[in-house]
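*Asks:* Protein sequence lines, in the order shown, are assigned to chains A and B. Our numbering numbers the first residue of the first sequence as 298 and each following residue consecutively. Our numbering numbers the first residue of the second sequence as 27 and each following residue consecutively.
Don't read these hints as lab results, they were simulated from the structure. Don't take every hint at face value.
Claimed, not checked - Which stretches of chain A does chain B cover? Using the computed rule of at least three CB atoms under 8 Å from a CB of chain B, they are:
# : region
1 : 428-436
2 : 459-465
3 : 537-547
4 : 619-633
5 : 767-780
6 : 805-811
What the hints assert, rightly or not - Distance windows between CB atoms, simulated:
#  : chain 1 : residue 1 : chain 2 : residue 2 : range
7  : B       : Arg-348   : A       : Val-612   : 37 to 47 Å
8  : A       : Leu-835   : B       : Lys-216   : 49 to 59 Å
9  : A       : Gly-449   : B       : Lys-301   : 45 to 55 Å
10 : B       : Lys-71    : A       : Leu-656   : 20 to 30 Å
Bear in mind the structure is a predicted one, so any value in this text is a computation, not a measurement. Cβ coordinates follow ideal geometry from the N, Cα and C atoms, glycine included.
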Amino acid sequence: MNNNTADFFWKLRMLRKEPLLVVFIVILLALLTLFVIYPLFMIVRYSITSDGGALSLQTLFNVLKNRSYRTTFSNSIQLGVISAVLATIIGYIFAFTITRTEVPFKGFMKTMATIPIISPPFVLSLSIIFLFGRKGLITNGLLGITDFNVYGMHSLILVQVLSFFPVAYLTLSGILQAIDASVEDAALNLGASRWKIFWTVTFPLSLPGIFSALLLVFIQSLQDFSNPAVIGGGFPTLGVEAYRAITGMYDLRTGSILSIMLLIPSLIAFLLQKYWVSGKGFVTVTGKPSQNRTKIDEKHITIPLFTLCILFSAVIVLFYGTVIMGAFVKVWGIDYSLTLDHFRYVVSIGLRPLKNAILLAVIATPLTGLTGMAIAFLTVRKNFIGKKYMSLASLLTFALPGTVVGISFILAFNDRPFMLTGTALILVCVFIFRNLPVGIEGATSALMQIDPSIEEASVNMGASSFQTFFQVTLPLIKGAFFSGLVYSFVRAMTAVSAIIFLVSARWNVVTTRIFSLFEVSQYSDAAAYIVIMIVVILAAIYLLNFLVNRIAPDTNVKARKGFK
Amino acid sequence: MGLILVLALSGVFAGGQKDGEAYDRLTIYCALPETEIPSYVEAFKAETGITVDYVRLSAGEVLSKIQVEKNNPQASVWYGGNCDTFIAAADMGLLEPYASPELKNIPESYQDPGDFWAPVYVGALAFAVDRDWFKAKGYDYPASWNDLLKPEFKNMISVAHPGSSGTAYTILATMVQMLGEEEAFAYLSKLDDNIRQYTKSGSAPPKDVGLGEAAIGLAFSHDCLKPAVQGYPVEVTFPQEGTGYEIGAIALIKNGPAREVENAKIFIDWVLSKKGQDIYSQNSSFRLPVNVNAMVPQGAINIKDLPIINYDFIWAGENRARLIEKFTVTIANKDNLK
């Protein structure tokens with residue numbers, strides 16, 4: 298008997314002890330197969346078959362032969378790497394400053410680090426034009442430059458870093474909170490300098506989070522469509538080319554193949570991340586009592602960090618301030634007299650799409666959050682058949698451009714046996730499976746900090762895996778849980794490309810309406826909608842924070858204040 | 027756990043539809059701006075009592091959607107968008123021919139011989155110009171395609187990419203039909219020096235002009251007029267040597283929901299009628315109606331008074347993929363090849 302078979306039987310025996318857990322794992326695997334693998338399979342099949350149904354690799358060869366696509370491919374990767382590195386650095390600075398130092402205005406900084414996920418695609422691009430364009434408030438009004446070129450890679454990097462760094466921040470703040478305070482304090486008490494503690498303790502321990510953040514931003518940048526489409530200028534990316542092939546050349550097959558190609562770098566990044574992180578020890582939370590974290594208050598550390606965060610927050614205030622101001626002026630960019638007309642207009646054309654969006658987001662958010670935590674818990678802690686499949690499948694929908702996700706869902710669910718198009722369910726499913734990875738990555742990184750013996754103790758005392766998960770694990774990783782919830786709520790509210798093919802007449806949502814207003818130059822009306830959305834989303838974030846603290850109260854130490 | 031709840035909830039949402047006797051609903055895919063759509067569906071409801079549920083998509087997106095929904099389309103009518111998208115859809119076997127009785131009031135030159143789609147509005151290619159910029163510089167507005175090549179317009183012209191916009195493809199096909207293919211590409215490659223950026227959407231160039239990002243934007247005249255309505259300093263001129271135009275269309279989607287077919291035909295008849303076409307004069311859409319009895323919107327220019335060329339839609343449809351590919355490789359992405 299070889300090792301594998303023995304291992305297999307061992308897994309079976311372990312699982313037999315907890316039949317409910319087995320059932321749950323089977324359901325989860327089935328759902329991932331149905332909502333991730335099946336649509337992906339359908340679109341791959343579609344792109345390599347001819348209309349008659351015969352296998353045809355012609356389109357694939359044409360794409361591979363095309364020199365222009367190859368350059369586009371490397372453009373996308375270049376952009377992805379730069380955006381990922383910059384966004385992660387900025388996210389880390391924010392997360393570190395907020396969790397580790399004694400500085401004022403933390404609430405403000407937290408809000409600033411979260412707000413940019415609330416960016417319906419063209420918003421930042423429009424702001425950048427109003428601020429830095431030819432008639433821009435800064436370039437022209439302040440500096441007198443009339444020929445600054447806002448289109449191209451430089452603007453694209455700025456806009457992507459601005460819109461994606463919150464994901465890095467959310468992931469990293471979760472993990473920095475989870476690192477047990479006593480490890481760093483022990484080093485401090487032993488006389489190590491702050492600098493040394495950072496490089497030898499904090500930084501290495503936060504590596505899983507850093508890799509997660511890099512992975513998440515890299516993937517998002519690759520599949521981003523709306524920013525490159527509006528501000529990319531002469532810098533073609535794969536997501537934009539895929540959209541062009543589909544809606545301009547009427548060539549669904551080429552578009553699908555280009556999009557599926559985007560999965561390759563994403564998967565490589567995913568495997569590299571797993572490889573680097575696996576086998577290293579990150580455990581710091583062991584269940585032994587730990588002390589209040591001593592916050593850094595040395596001026597030479599806090600002042601530079603604080604300045605960096607405030608400067609970057611100022612950029613965000615500038616960009617979003619431009620949008621907010623746009624909602625209150627007569628004609629954005631032309632006539633700056635104040636008015637509330639745009640809000641009256643928005644109310645007059647009906648708030649039903651907004652209510653739809655909120656309803657769908659409210660349904661999808663807890664499901665996404667809990668499923669994400671469950672997948673992270675299972676893949677880090679449990680041994681079962683199909684574990685690698687589970688963690689890989691949960692990432693795929695996130696890595697595909699939204700347009701293609703939408704098309705693959707129609708291919709999969711517009712016909713028997715799974716007739717779902719036109720229902721709200723299909724939208725909820727897209728939201729869940731597309732937004733899982735942020736929660737999963739955060740929770741996986743956090744779980745690596747936590748000694749499994751805490752949970753084992755709970756199981757040994759007779760608790761089931763479910764009780765252990767809800768009463769022990771979830772409170773310990775609530776930072777990641779919260780990030781997962783926030784991300785999924787905001788993304789569900791602001792998704793455009795993934796759902797544009799799936800919204801039905803009855804389930805139209807707010808983002809498609811904002812986009813339409815933008816199309817007819819009613820920028821201020823669009824801005825008014827966005828202001829209303831920002832208010833709704835901020836309210837939701839504070840509510841989620843309250844609820845997460847209620848459900849999973851901080852059992853450890855008072856000083857480990859939850860994310861607020 | 028949580029996911030089981032989804033399945034339970036699905037029943038709640040999916041159960042929303044009810045089967046009625048005289049069915050009074052209709053689902054359409056609409057490629058007109060969402061701000062315009064209510065004015066059509068409300069007037070139609072007031073007239074017929076039929077409620078129209080609509081999904082707003084761009085024309086290319088409608089085509090992709092009905093392509094993948096082929097076995098079970100979710101809508102009966104596709105309203106709006108350049109007819110060359112409809113021609114492509116008819117070629118793929120996605121449309122159902124329907125000869126509306128109203129076609130007798132519409133010039134035959136606009137119509138599809140196979141009646142797979144019906145013309146609803148026309149729009150001529152025009153130049154949107156930034157009034158403030160021209161005033162400040164003291165230049166004259168461009169009055170011809172050749173004017174666009176003037177060196178003072180370097181980096182000041184905005185036009186959409188034909189690979190993502192039917193408007194831009196109409197420009198490309200117009201140039202090829204006017205000048206011949208070689209000349210046309212030589213022209214476009216010279217024009218490239220003056221191009222600020224190739225936008226994704228066909229209606230974006232006039233917006234770029236409104237925002238001051240470009241001094242001249244190329245688009246259909248109805249899109250050129252929209253920023254002006256919102257208060258942006260945009261004016262419209264036409265090239266004197268001739269210009270191309272688009273025909274906006276409407277069509278019946280093949281195999282759409284069976285119970286909607288009658289309502290779908292009533293809707294198409296209504297859109298083509300004087301009543302349906304007069305709305306273009308009331309909702310700031312500036313579309314030019316094709317029904318000879320309908321009113322021409324104020325501020326819009328009647329296509330009869332414009333130097334339009336004899337634009338060949340069939341040829342344009344047939345050569346589409348090839349010309350776009352050539353444009354993408356030799357002009358828009360030429361930096362990629364360096």
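*Asks:* Take the hints in turn and mark each one as holding or not.
*Replies:* Going down the list of hints, with the structure as the test:
no.: 1; hint: 428-436; verdict: holds (count 3)
no.: 2; hint: 459-465; verdict: violated (count 0)
no.: 3; hint: 537-547; verdict: holds (count 9)
no.: 4; hint: 619-633; verdict: holds (count 5)
no.: 5; hint: 767-780; verdict: violated (count 0)
no.: 6; hint: 805-811; verdict: holds (count 3)
no.: 7; hint: Arg-348/B x Val-612/A: 37 to 47 Å; verdict: holds (45 Å)
no.: 8; hint: Leu-835/A x Lys-216/B: 49 to 59 Å; verdict: holds (51 Å)
no.: 9; hint: Gly-449/A x Lys-301/B: 45 to 55 Å; verdict: holds (48 Å)
no.: 10; hint: Lys-71/B x Leu-656/A: 20 to 30 Å; verdict: holds (25 Å)
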